[in-house]
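Those protein sequence lines, which keep their order, are chains A and B. Heads up: the first sequence begins at 1 in the numbering used here, then just goes up one per residue. Heads up: the second sequence begins at 1001 in the numbering used here, then just goes up one per residue.
Each hint should be verified, as a subset may be incorrect.
[To be verified] Mimicking DSSO-like on lysine-lysine, the simulated pairs with C-alpha atoms at most 27 angstroms apart in a straight line are:
#, chain 1, residue 1, chain 2, residue 2
1, B, Lys-1108, A, Lys-118
2, B, Lys-1176, B, Lys-1106
3, B, Lys-1129, A, Lys-129
4, A, Lys-131, B, Lys-1108
FYI, nobody ran anything at the bench for these hints, they're computed from the structure.
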Amino acid sequence: MNSLDLTPFWLTLELSFWTTLILLFLGIPLAYFLAYSRSRYTSLVEALVSLPLVLPPTVLGFYLLLALNKEGFIGALWYRLFGKQLVFHFEGILIASVIYSLPMMVHPLTAGFRSVPKNLIEASYTLGKSKWETLIKVILPNMKASVLTGVVLSFAHTLGEFGVVLMVGGNIEGETRVVSIAIYSAVEALDYTTAHVYSLVLLLFSVFSLTALYVLNRRWSLL
Amino acid sequence: MIRFRLKKKLYGAQGDFLLELEFEMEEDEFIVVLGQSGSGKTTLLRMLAGLEKPEEGSMEVKGEVWYDSKRGINLPPQKRDVGFVFQDYALFPNMSLFENIAFGMKKKDPQRVMELLKLAGLEQLKDKKPSVLSGGQKQRVALLRALAKEPKLLLLDEPLSALDPETAITLREEIKKFQRSFNIPTIMVSHNREDVLSLASRVLLLSEGKIKSVGKPKDVLFSRRESPKFSLNGIVLEKEIAEYACILSVAVGSEVVQVVVPRDQEEEFKPGDRVLLSTKAFVPIVRKAETAFKNPSLERPSNL
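Work the whole structure out from these sequences, hints included.
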């Protein structure tokens, strides 16, 4: 056996990190809207956010491939701006996994926003605080368990992503070959040792992060 | 001078009705708004604070227009400079008592926060989170938090209703003390007559969204048709028909009493009816509760 190639791990961690970070900034306003808006479009937006949960990753991947390729709507724009393709590149799978993990971030955050008593928000308004200040100083600190859940689930979900990445990114070493795809190609090449090691690391990491999430959630909800 | 004229359609349990109020108060007044639940009391406070939008009307506080439907003015709660105390306190669980009180201050002044905490006897607990406090202490902090920003108008939404009677009595005294020393015009919503007698400079009696009467507490509370010497409001709990008479069990405040009515009047009453118990011919015997003989019903003063 050759020495173990660690690039898929770094790539996966990098992908999960950026996906989670982007989702956090995207998820907070989106969940805020879903939790508090009385607009008649809320149901439609909610359905669109949940779509990646029910759609086969291949379907999502197929449409993303169409949108992100050089002739596609987003891909063409990207190519004009940066002179680079999206498909089969890191940026492409990043966009894909942001969309794929969207419900993992938005659902806990929406539930969190709804769980903050309306009185606290109104109290903050009558104490002269703007909506923004109320969000930062009152709402988010009182739903930190939900924020943590969203962060951990998005991270873990991106970690285990396979179908969408394969469809959009293919299997390019150092660019799009994340751990889950590396496992797939190792098995295809009958390299079971590598598959074992990769799988075990992924399994242990997932168990660890989810346990940490539930321990912290329990501790915070007891406060 | 505080002046408002507000109109809003409300959806009550007994059907829809129009909340229609017009009122004026002086700057040193303490108004208690009395009324049954669903009469529009809380909606009135929320409209004054800007948390709910009236359909029509206007509102002016110390020369500032906060709301005017004709001119399209409707200041958000942030711009209204009110202090609002919620029934269930609404303290921020993520902040210490100190931070809760300092939160709304226009200019952060740690010394002032400490003064306020001392005033309420809570300075030892300044770094604690609200979750460790008792109900009475929480409401005290909520009151201080509202007062710390030195608002132009203080609004209290049934601040004592979640507290036990003993705590409510102490806190009522404190509200009175604070309101006097801060001299902030105050409107307090309540369904408790004790609040009226000990706090109000004027009472506003609300029923189905309309002002039924306004005046000095004694005039409003004791202006009953029969003007009896002694009368109590109660609710019929049970009716027992005996051979020549009927025995009604009536809940009066936290006590239950039994009264006898003649058989021929029996049909007028059924469980759930609101009744007025009164006596003209007898002089009730009043003693201090602790010196009275060991009758369990006399051990605690009735909180009527």
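Going through the hints against the structure:
Restraint check for B/Lys-1108 and A/Lys-118: the C-alpha separation of about 25 angstroms stays at or below 27 angstroms, so the hint holds. Distance restraint check for B/Lys-1176 and B/Lys-1106: the Cα-Cα separation of roughly 24 angstroms lies within the 27 angstroms cut-off, and the hinted pair is therefore satisfied. With a CA separation close to 21 angstroms, the supplied pair B/Lys-1129 and A/Lys-129 stays within the 27 angstroms bound. For the given pair, A/Lys-131 sits about 20 angstroms from B/Lys-1108 by alpha-carbon distance, which is consistent with the 27 angstroms threshold.
In summary, the structure agrees with every hint in the numbered list given earlier.
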